[in-house]
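Colleague: Based on the hints, put chains B and C in the right spot on chain A.
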Amino acid sequence: MNGYAGNILRVDLTNRVSRIEPLPEELADNFIGGRGFVAKLMWDEIPAGADPLGPDNKIIMAPGPLTGAFLPGAGKLEFGAKSPASGGYGDSNVGGHISPEIKQAGFDAIIISGQASTPVYLLIDDFNVAIHEAGHLWGKGAIETETALKHELGEQYQICTIGPAGENKVLFACISHDFGRQAGRTGIATVMGSKNLKAIAVHGTKGIPLADPKATLAKGKEMFAACFAKPGFEEWTPQGTAGVTDWVNEVGAFPTRNFQTSYFPQHKNINGEALVSKIKVTDKACFACPIPCGKYSRVKRPGYDVYVEGPEYETIALIGGNTEIDNIEDCAFANYIVDELGLDSISAGNVIGFAMECSQKGIITAEDLGGRTLNFGSVDDFVWVAEAIAHRRGIGAILADGVKRAAAHFGQGSERFAIHVKGVEWTGYEARYAPAMMLSYMTADVGAHHNRSWAITFDVASGRDKLEGKAKRVIELQHIRPLFDMLCLCRLQWVELGFELDWYPQIFQAVTGKTQSFEELLKFSERVWNLTRAYSLREIPGFGRDFDYPPRRFMEEPIPDGPAAGKVMPREVIDRLLDEYYDLRGWDQRGIPSGAKLAEMGLDFVEGVIAPLRS
Amino acid sequence: MSVLIRLATDSSRCSGCKVCLTICALSHFGENNPKKGALRVEGKFPVPGVFAVAVCNQCGACATVCPVDAIREKDGVYILHREDCIGCMNCVPVCPFNVLVVHPAEKAPIKCDSCGDCVRYCPRDAIIDTEHTVMRIGR
Amino acid sequence: MGQVKIGVRGHVVKYFPGEQERFLVDIAAPTTVLHLLERLRVDHLLIMMVHINGHKQPKTAIINPGDEVLFFSPPAGG
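Residue numbers (the working numbering), protein chains in the order written: chain A, 142 to 756; chain B, 2 to 140; chain C, 126 to 203.
Bound conformation, chain A alone (with noise of 0.2 Å):
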């Protein structure tokens, strides 16, 4: 099977035993990969109403067909498992350079269940799969672990970890790779935690088939010379993804103060430009990529001196705007902390900034506290809280489970601005002036994470008080993007340097022999949208509609300033958008697919299910 290693590795940990499976074709010929193969293998595999954190979840490890070939962003892996923050279908991805080893090693999937008995670590040297002891490395930081396993195994490993929170199960831990890349969405980090696996250290030596080298060395050629031919080529790189700070203030979508407002008045001292001049050390790339995002720092201040990936946007806009930590060098401080512990970076600033406001409106009080209180722009208390979440300690352990039980834990109206979808916290864009990214944002099928669609420019362009055309968009992104989550590819190049959609079908039939049109690539990734739809309805009771609603903050409080001020987005109008969206993906209006498009989309197998629902 050209483009695929050709096999499948299953890892027990309850029993300590691995076993190499080949890939069933008809698994890549209908769901291509990454996403695609996490999506239908946690339907097939993993029991319904399994625990998240139990033996039956399993974690899925996915590259795709085109991971580890010679095209551009060519690096990512994608990470599922049952998510213990939503309850449903969960996914994660990463880039840096563990996928390609993982096909090196000969692998298109690992599948990892059980519970192991006491720590340890996965290690895998092409097709010899070992179970090793990691009661050394319990307790430690994600990036230290990782230096240590690079001590004792060598540099030529791929390696990832879990810090201290994925081991205290908290539900917004991430998985951390490549000394500074995370998987950090939905918790996949926690269900490592709870079956004991510190970390998977990987290195292969094999080549991946391909269908047609030369076509591939000659299509590979031309997709980079037109990277570098693009205007501005150049010009992005050395801030990468902070460099949009200043611009997202500017249309009034920087989160601020636990999402108060949209506008940080001082994001020019946490932006791209004071990454640079302040802190920047290198840039640091994934696999293949010709226009690295990573900025690798160091921050030496009186009393720490340390090295850290970022902070990237979404650090900069959850830990900067959202905690309202005013300069880049603490910025980068409490990014390092977070990634230490192994928390999230996102889900830590929206989570730490829901506690300040807590501890600001008395909803958390100072007894709570162990006699303090939580303020905004305090970098000592966001480090304060991350150590509390990440060791379960005190007001931690409530706030480790992430706004929504938060919330529902302390109650006194806290819901309101516990701001989630599905139990996952919202990521960098506040939303109340831009209709395309709240629905976005809503409809995602991991919980409020803006990788599935991404649409604000399409509102400024098309305007931002309207609605037309706006959930007609929303789905043509939510094919698009996560197609990339299939192929295992990054998206900047498309997004950030308008590399264009045509030229992947071009490498894909170098790569694999199969012939699709990008059209048709897209159906695949409708069938998988439509299948993480099934998988959330199966795992949570009641799911539908009444999931896919914003945090009230969002329908009842206009933005107090800044350039989208007095915008709010009231629930009638978050209705319109929910029903033209449900209209236009086939679904009734509790948001569960027909069963006219499950066939449509050859999803057969999961009408059974899906059925009862609709009655």
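Accuracy of the hints is not assured; some may be wrong.
[Unchecked claim] Calculated cross-link-like contacts (lysine to aspartate or glutamate; reagent style EDC-like; alpha-carbon spacing at most 16 Å):
1) C:181 x A:414
2) B:45 x A:285
3) C:181 x A:285
[Unchecked claim] Coverage of chain B stretches by chain A, computed from C-beta distances (three or more under 8 Å per stretch; other residues unrestricted):
4) 15 to 25
5) 42 to 53
6) 100 to 114
7) 129 to 139
[Stated by the list, open to error] Far from chain A, by Cβ distances over 10 Å, these chain C residues were calculated:
8) 127
9) 128
10) 150
11) 151
12) 152
13) 154
14) 157
15) 158
16) 159
17) 162
18) 164
19) 165
20) 186
21) 189
Read the hints as simulated data drawn from the structure, not as lab findings. Backbone N, C-alpha and C define an ideal beta-carbon position, used for all residues, glycine too.
Modeller: Here is chains B and C on its own, set in the frame of chain A:
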């Protein structure tokens, strides 16, 4: 000695993307496998956070220790003739840049032939040709 | 009378005339970035950053005939 291409590096430009290794292996072995690239990219992380890229400059040290004369110079480029190689690996440790690459599936070490593709496709100009015969594509 | 060389980086190219990523524009006299965008019927809020002759400039900066202007799309993610 005049050569057409002489590789050199500017490691401060390297971002560790491994495009060089990937194109090298694909064009010489027809194989999608950066482990067969005839150069070396290393990251030094978490401290001090730098990359190092090393290439062959055709110094010929390898040729002097080859017992079967499998590494022979032509127009300033030392070519390793894989069919003549006996796999003794004598040449590997003498390379001053450690860029004779040993791969478990190959009997012979893998050596650079100065084709210049790493220069043409390095997105960062971290690998350069001091003779200016080749440059990054599009320059 | 002279010409300005325009380059557009990233996904907002689809909102520029003819979806071109490189083109020339005639200008009769020095103008500002904001005016030029208005003439092209591109909402200035779609543009994250502007370089004139390789240097970052605000949208209020003056463009002269012969200048090279590069418009950047906002990164969509992070």
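Colleague: Hints the structure violates: just list their numbers, smallest first.
Modeller: The structure conflicts with hint 3 only, although it agrees with all the remaining ones.
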